[in-house]
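> Each chain is listed here by its residues.
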Amino acid sequence: MKDQDSPQPEERDSHTDPAIWRGLTQQRLSRRQLLASAGTGAGVLGLSAFLAACGVKGNAPAVSGSSPAGGVGTAAWWAKQKLHHTVNFANWPYYIDVLKGKHPTLEHFTQQTGIQVNYTEPINDNVAFYAKIRPSLAAGQYTGFDVIVMTNNTPNALGYLMQNRWLTPLDQSMMTNFYKYASPLVKNPSWDPGNKHTMAWQSGWTAIGYNSSVIKNPGTTVDVLFNKKYAGRVGMMSDLQELGSVGLLAIGVEPATSTESDWAKAAKKLQLQKSDGIVRAYYDQSYINHLKNGDTVVTQAWSGDIFQADLNSKYRDLKLLIPNEGAMFWTDNMCIPLYAQNPKDAMAVMDYFYQPQVQAVVEYYNDYVCPVPAAKQVLLHPTGWAQQALTAMKPEIGLPTSKTAYAPTVFPTPQAIQHSRSYYSFKSPEELTAWNNLFLPIVQGS
Amino acid sequence: MLAPYLLSLPAGVWLLALFLVPLVVMLSLSLQSCNPATGACVLTWHWAEFGQQLSLYHTQFLTSFYFAGAATLIDLVVSFPIAYWIAFYGGSKKNFFLLMLLVPFFVSFVIRTVVWEFILSDQGVVLGALKHAHLLPQSFHVLGTGYAVVAGLAYNYLPFTALPLYVAIERIDRRVLDAAYDLYATKRAAFTRVILPLTIPGLFAAFLLTFIPALGDYVNQVILGGTNNTMIGTVIQNSFLVTLDYPGGSALSAVLLAIALIGIFAYARLLGTRTIEEYL
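Here the protein sequences line up with chains A and B, keeping their order.
Mapped onto our numbering, the consecutive letters of the first sequence carry residue numbers 2 to 447.
Mapped onto our numbering, the consecutive letters of the second sequence carry residue numbers 4 to 283.
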């Protein structure tokens with residue numbers, strides 16, 4: 002039988018189509034090769050166009066005059082605004098009175114005015130929050146918040162907001178409680194003359210915290226932070242504003258009026274402190290834990306933290322020192338970002354918090370520096386709604402209201418007011434970059 | 004005919020949207036100039052950014068290399084016996100032991116590191132007891148030194164080393180070992196001349212999988228470290244979150260990425276791509 006599968010040699014060439022030979026021998030495009038070449042092709046074509054399109058063309062901020070574009074914030078604009086009976090309030094955590102998960106002051110506000118407050122606590126860090134709302138502001142859109150609370154010592158948050166004119170100027174006619182009751186420390190402050198854009202929420206000092214059982218005699222100046230006796234047990238803050246300001250105080254310069262050459266000298270002093278091995282580490286807000294468990298014996302500290310630590314008998318030795326050079330006085334400020342949808346309601350809630358009764362309730366929970374001195378009397382002799390709220394909160398807080406009323410870290414003495422210093426106000430991003438370039442290497446250099 | 008392509012579409016889209024696009028944006032950002040106040044960025048092909056960032060932060064890069072390298076070596080030395088034991092002697096309980104290895108990972112990374120800070124604190128459980136027994140001077144401290152950072156890194160990245168090693172060792176055919184014994188190999192010789200060479204691809208994979216994440220770590224040094232051992236991860240984090248210097252942070256990230264790619268390509272060159280697919 003002839004084998005059909007193997008053709009005779011003399012028949013092979015005439016029976017086999019050349020196309021079949023081509024198909025059998027030519028290189029095929031495998032799936033892998035196709036995907037690879039398609040990927041490369043698409044990448045090359047799209048890459049440069051895509052790269053160029055990656056640039057973000059932010060809204061150029063209005064530089065003419067001191068108000069945002071479109072006449073926002075003028076008296077005429079405010080006259081046209083209406084109450085919408087809702088307001089979105091963003092704040093820091095643990096910064097408002099709490100009673101069984103609700104906020105007595107906000108409930109009372111809703112009762113009085115009918116305005117619903119959506120109170121959230123998304124702010125943990127000024128710069129991170131600013132980075133979160135910046136894209137909306139740059140695109141001219143509502144950020145989702147009508148009231149936000151930004152600290153005045155963060156130039157690349159509140160400073161940028163003001164430089165870029167991204168804050169709605171306040172309606173001065175609605176600030177009746179503010180002008181009646183606000184303390185001189187927060188009225189017409191250096192970072193916002195005339196309170197055009199901000200109203201203080203709470204304030205505090207950055208001073209020196211120390212363990213009085215280890216340091217019997219800390220002295221009265223900032224030099225205790227630079228003392229070689231406590232080498233390896235001194236804590237400093239990693240926040241560049243706090244670090245730089247205490248450096249300026251240490252060389253005898255007022256931060257608010259300092260110049261760039263002063264900053265360089267302060268940076269040198271801080272660098273020396275680091276190379277002498279005096280600093281244990283540069284801490285964020287966790288510095289208080291290290292002071293409590295003895296890793297550090299003296300540290301830069303916030304007044305509110307020391308007050309709250311003292312409430313615990315285990316940490317009664319921790320004390321606050323306000324040095325002769327002064328303590329940096331920072332303020333968390335309420336402000337209205339641009340494109341807010343409920344500006345009139347925002348003004349209402351902001352001014353509401355300047356009633357002494359309301360501040361008393363907030364302060365009882367908070368224990369930061371109160372912007373309303375009249376709240377002290379309310380705490381000592383509460384009446385009406387405030388008395389109800391304070392009595393209800395007492396079991397959870399566990400302190401008599403008089404303790405808050407007499408605390409020097411809540412209602413400052415005239416001496417403490419005298420020792421309060423302001424941070425430097427940056428006028429341009431280039432100034433801030435210069436400051437950062439001087440002090441950042443101290444924190445993250447090696 | 005189209006079916007294979009359609010099947011790869013979900014993975015392809017996922018890769019494109021969640022991997023390729025952010026990667027290209029990051030690389031592009033490193034060449035842009037941004038206004039830190041408004042966030043407006045323009046592509047200016049600013050190649051000098053890389054040089055600037057490297058000259059500013061080369062010390063931090065070196066510190067990261069030392070710490071990540073030390074942590075990876077410790078992890079390799081510690082993980083090998085663990086992986087070997089589970090693979091060879093785990094028996095039916097292998098999955099249980101692997102689970103035990105992974106259980107700490109159910110707790111958040113930051114919380115685990117903070118717990119180490121608590122353990123290593125000056126008057127804490129460990130040091131306080133030793134100081135009380137006068138085995139250590141009162142001024143001794145571990146926190147704030149490079150040793151604490153390396154310890155934290157080694158602890159946090161141990162599963163990244165142990166699991167690939169386990170996979171590599173598990174694949175070794177037991178009959179190879181039997182053959183070695185048949186040929187009069189001692190236990191020691193069987194280990195050094197048969198098992199160890201067979202696990203080399205696994206060791207390389209475990210090294211890469213531990214070294215590269217540890218290099219970019221930004222949590223351990225901040226919590227456990229001190230003033231003079233900043234790692235590059237912290238610098239990148241500060242660039243993005245504190246100074247809002249997006250081009251600088253992106254440039255540093257791109258350099259880290261390049262280092263990782265070099266490592267992987269070296270692996271592919273030396274050991275072939277097939278083994279990458281097996282162990283990664």
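Hint data in this document are derived by calculation from the structure and do not stem from the laboratory.
Bear in mind that the values here come from a model prediction, so they are computed numbers and not experimental data.
Don't be surprised by glycine CBs; every beta carbon is placed ideally from N, CA and C.
Don't take every hint at face value.
The calculated lysine-lysine pairs, modelled on DSS-like cross-linking and capped at a C-alpha distance of 25 Å, are [stated by the list, open to error]:
#, chain 1, residue 1, chain 2, residue 2
1, A, Lys293, B, Lys134
2, A, Lys83, A, Lys217
3, A, Lys197, A, Lys81
4, A, Lys230, B, Lys134
5, B, Lys134, A, Lys315
6, B, Lys190, A, Lys217
7, A, Lys315, A, Lys133
8, A, Lys229, B, Lys96
9, A, Lys293, A, Lys275
Distance ranges between label pairs, derived from CB positions [what the hints assert, rightly or not]:
#, chain 1, residue 1, chain 2, residue 2, range
10, A, Gln272, B, Gly94, 34 to 44 Å
11, A, Tyr316, B, Leu57, 36 to 46 Å
12, A, Gly71, B, Ile122, 32 to 42 Å
13, A, Lys270, B, Tyr221, 26 to 36 Å
14, B, Lys96, A, Gln272, 38 to 48 Å
15, B, Ala14, A, Gln117, 39 to 49 Å
16, B, Arg191, A, Asp318, 40 to 50 Å
17, A, Gly102, B, Gln126, 29 to 39 Å
18, A, Tyr316, B, Tyr150, 27 to 37 Å
To be clear about the criterion: a stretch of chain B counts as covered by chain A if any three or more of its residues have a C-beta under 8 Å from a C-beta of chain A, and this derived list gives those stretches [as the list claims (entries may be wrong)]:
#, region
19, 132–143
20, 171–179
21, 242–253
> Would you mind marking each hint as holding or not holding in the structure?
Hints versus structure:
{"no.": "1", "hint": "A:Lys293 x B:Lys134", "in the structure": "19 Å, holds"}
{"no.": "2", "hint": "A:Lys83 x A:Lys217", "in the structure": "60 Å, violated"}
{"no.": "3", "hint": "A:Lys197 x A:Lys81", "in the structure": "19 Å, holds"}
{"no.": "4", "hint": "A:Lys230 x B:Lys134", "in the structure": "21 Å, holds"}
{"no.": "5", "hint": "B:Lys134 x A:Lys315", "in the structure": "21 Å, holds"}
{"no.": "6", "hint": "B:Lys190 x A:Lys217", "in the structure": "65 Å, violated"}
{"no.": "7", "hint": "A:Lys315 x A:Lys133", "in the structure": "39 Å, violated"}
{"no.": "8", "hint": "A:Lys229 x B:Lys96", "in the structure": "57 Å, violated"}
{"no.": "9", "hint": "A:Lys293 x A:Lys275", "in the structure": "22 Å, holds"}
{"no.": "10", "hint": "A:Gln272 x B:Gly94: 34 to 44 Å", "in the structure": "59 Å, violated"}
{"no.": "11", "hint": "A:Tyr316 x B:Leu57: 36 to 46 Å", "in the structure": "45 Å, holds"}
{"no.": "12", "hint": "A:Gly71 x B:Ile122: 32 to 42 Å", "in the structure": "58 Å, violated"}
{"no.": "13", "hint": "A:Lys270 x B:Tyr221: 26 to 36 Å", "in the structure": "28 Å, holds"}
{"no.": "14", "hint": "B:Lys96 x A:Gln272: 38 to 48 Å", "in the structure": "56 Å, violated"}
{"no.": "15", "hint": "B:Ala14 x A:Gln117: 39 to 49 Å", "in the structure": "46 Å, holds"}
{"no.": "16", "hint": "B:Arg191 x A:Asp318: 40 to 50 Å", "in the structure": "59 Å, violated"}
{"no.": "17", "hint": "A:Gly102 x B:Gln126: 29 to 39 Å", "in the structure": "37 Å, holds"}
{"no.": "18", "hint": "A:Tyr316 x B:Tyr150: 27 to 37 Å", "in the structure": "29 Å, holds"}
{"no.": "19", "hint": "132–143", "in the structure": "violated (count 1)"}
{"no.": "20", "hint": "171–179", "in the structure": "violated (count 0)"}
{"no.": "21", "hint": "242–253", "in the structure": "holds (count 4)"}
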